[in-house]
Structures are given as structure tokens and as C-alpha cells.
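Sequences are here, hints too, so could you generate the full structure?
Next come the chains, spelled out residue by residue.
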Amino acid sequence: MPLGDYVYRAISSKSWINRNKEVKDPAFRRRWRYNDIGEERELWDDDGLSFGTSPYDACKHLKENFGVAKLSTELMRARGFQFDEPSEGQVHVTNMPFYRHEDREAANTKTFQMRECVVEYIEIDMADAAPS
Amino acid sequence: MIGPELLLTIAMTARATVSPLRLKDYCDRVGSYSATKPPGRYYVPLPKENSIDVLLREIETITDTQSGEHVPSMAAIKQSTALIQAAGQLIHSSPPAGEVDFYHNELGVEWRSGNRILRLTSFPAEAPRLDYGTMSTGTQGEYSSDNLATAELLAIRLDWLSEPIGDGSNA
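Top line first, the protein sequences correspond to chains A and B. Each position in the first sequence, counted from 1, maps to that position plus 37 in my numbering. Each position in the second sequence, counted from 1, maps to that position plus 83 in my numbering.
Worth flagging that the hints you see were computed from the coordinates, not collected in a lab. Only true hints are included.
From the structure, some residues in chain A lie toward chain B, with a derived Cβ separation under 10 Å:
{"#": "1", "residue": "S49"}
{"#": "2", "residue": "I54"}
{"#": "3", "residue": "N57"}
{"#": "4", "residue": "K61"}
{"#": "5", "residue": "D62"}
{"#": "6", "residue": "R68"}
{"#": "7", "residue": "T146"}
{"#": "8", "residue": "E153"}
{"#": "9", "residue": "C154"}
Straight-line alpha carbon distances no greater than 20 Å define the calculated SDA-like cross-link-like pairs of lysine to any residue that follow:
{"#": "10", "chain 1": "A", "residue 1": "K58", "chain 2": "B", "residue 2": "E141"}
{"#": "11", "chain 1": "A", "residue 1": "K100", "chain 2": "B", "residue 2": "H187"}
{"#": "12", "chain 1": "A", "residue 1": "K107", "chain 2": "A", "residue 2": "S124"}
{"#": "13", "chain 1": "A", "residue 1": "K58", "chain 2": "A", "residue 2": "V156"}
{"#": "14", "chain 1": "A", "residue 1": "K51", "chain 2": "B", "residue 2": "T144"}
{"#": "15", "chain 1": "A", "residue 1": "K107", "chain 2": "A", "residue 2": "E125"}
{"#": "16", "chain 1": "A", "residue 1": "K58", "chain 2": "A", "residue 2": "E101"}
{"#": "17", "chain 1": "A", "residue 1": "K100", "chain 2": "A", "residue 2": "G126"}
{"#": "18", "chain 1": "A", "residue 1": "K107", "chain 2": "B", "residue 2": "T220"}
{"#": "19", "chain 1": "A", "residue 1": "K51", "chain 2": "B", "residue 2": "E182"}
{"#": "20", "chain 1": "A", "residue 1": "K100", "chain 2": "A", "residue 2": "A167"}
{"#": "21", "chain 1": "A", "residue 1": "K51", "chain 2": "B", "residue 2": "H187"}
{"#": "22", "chain 1": "A", "residue 1": "K58", "chain 2": "B", "residue 2": "S219"}
{"#": "23", "chain 1": "A", "residue 1": "K51", "chain 2": "B", "residue 2": "E193"}
{"#": "24", "chain 1": "A", "residue 1": "K51", "chain 2": "A", "residue 2": "M163"}
{"#": "25", "chain 1": "A", "residue 1": "K100", "chain 2": "A", "residue 2": "T90"}
{"#": "26", "chain 1": "B", "residue 1": "K161", "chain 2": "A", "residue 2": "D73"}
{"#": "27", "chain 1": "A", "residue 1": "K107", "chain 2": "A", "residue 2": "T90"}
{"#": "28", "chain 1": "B", "residue 1": "K161", "chain 2": "A", "residue 2": "I74"}
{"#": "29", "chain 1": "A", "residue 1": "K51", "chain 2": "B", "residue 2": "E141"}
{"#": "30", "chain 1": "A", "residue 1": "K58", "chain 2": "B", "residue 2": "T220"}
{"#": "31", "chain 1": "A", "residue 1": "K100", "chain 2": "B", "residue 2": "E152"}
{"#": "32", "chain 1": "A", "residue 1": "K107", "chain 2": "B", "residue 2": "T222"}
{"#": "33", "chain 1": "B", "residue 1": "K161", "chain 2": "B", "residue 2": "E209"}
{"#": "34", "chain 1": "A", "residue 1": "K51", "chain 2": "B", "residue 2": "V154"}
{"#": "35", "chain 1": "A", "residue 1": "K58", "chain 2": "B", "residue 2": "A180"}
The following residues of chain A were derived to be distant from chain B, with all beta-carbon distances above 10 Å:
{"#": "36", "residue": "D84"}
{"#": "37", "residue": "Q119"}
{"#": "38", "residue": "N132"}
Note that the Cβ used here is the ideal one computed from N, Cα and C, for glycine as well.
Structure representation (C-alpha cells):
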């Protein structure tokens, strides 16, 4: 299935939205296998930074969400972001650097670039967003 | 009747240490300094609170208001507070309001001015850093960073946010 014009990134903390309803850096961090004190994470972003192909798909695995960022895939590709094949409503940006000590600068720069691709912040109600 | 100068001095001293409610209580006891103003209203000329003070107060309350996996560590909070306080003494401009965010023990503070962006990130066991640049939706923006944030660097970057850039995008 080809990737559409937009992908959606779930927001899992209220503090990741600023007062102008813009999505902030932490929403675009690719988790490394180990946390900052060397403990192995239960969940990490092995395949890449994950996006939903719809707002619902972006949030369906979260217990709680604070909306989604809608990003233009055209703008993302123009900035060098690469996608894997969409599957079951999910797609990954495979070349996002891990957010870890040795890659902070690269990760933060790519995060700023990813924020440039956000076209809209959308608050969603999962009950309404679920496919019928 | 208490003189306006004395009341201003008291108010400035009280500003950092007491809540507005307590200041109101105090004013209730001493009365309004102006006999021409109606009773029950307060005309204490409090100094205008700047964006750095507002931000520091917000950071102060984080541990009381946040819970869950993204609560910042005390080390990150203290580090941010110290840097912002010190930078606040060095800046030559009035920076835009900063906004805090949380991510797995980290504390982030972000300032925006038009297309310009500045982020201070403090960690539990790592040097604080600054990331900044000019965002663009057409061609990609330009970004840089300071791997060791100091008060001096933070002050320079905050002043940069307020500099005019000619095209009005930071207005």
C-alpha cells in the first residue's frame, strides 16, 4: 500500500504541545534500547520512529493520547527522511537518529527538521476516530 | 497612613517571598496608600514580572504537578533553574516566554520568537545543552548547538531571539 500525503505522530504527553498548539521536540524522539542510566527499555524504537497512516492508527496502541501531529510526507522526503513499507496502519522513518548521548546533536537537528513538516496539530477522540 | 515609597519597597521585597493573597492581607491591614482611591482596591505599584521569573516559578512547581514516566529528575530541575536564573542576570533583552516540557527524567525549556527557536535541555546525569536555529517550512532550516550550556551562552542565545532580523518574522 503506497504511503499517502500525510502521516500522523501520536502525542503522549501534554507538555509536548506548546501554548500555540505546536508540537515540541520530545514528540519526535526515537528511543534507544537503553535509557540514560543504562537500563534496558521495555519498549524502544528498533524499526524507526513510528507514525500512523491515520490519526486513529497513530494512537491505537496508547492508553492515553494528547492528539496527533499531522506531517506532510512530501516535506519529510525533501528533508531526507526515509520510510519503510506501511503495514497495518503503521509506517516508520528508518533514518531518524536514536535519541542518545552520542547522537544528541544529530537527533535534535533532525527533530527540528521534522517539526518543519508538521502541517497541523489535531486533537482526537478515539471513539470518534475509530474506523466504522 | 503609610507612604507610597515605603509600600513599594515592602511590595518589592514581598514579591519574591509571599503570595498575592498574603500581600493582599497585608494591604488590608495597612490600607491603601492613596486616600483618593476607594477602599477595598489596591494600588500597590508592583513591578512587572518578567518572563524569566514566570518561567522559574513554573519550574518550581513541576514536582507538585507532574507524575508518570516523564517526570524530570530533581537534578535536571536544579540545573535548569540555576542556568536560567544566572542567564536572567546577564541578558540585555526581554526574552519571549519559555515553555517547559518533560521527557524521561529530562527537563526541556523552549523559547520561540517567530521562526527562531531555542531549547535548553537538562539531564539527570549529563551536561545541559542548547539547541537553536531558524525554522523554515520551505527549504530546511539552519540549526546549531552548544553541547555544554552555560549561563553566558544561554544569555547570548536569549538575546539573539530578541534581535530584529529585518523581515519581521521574529516580531
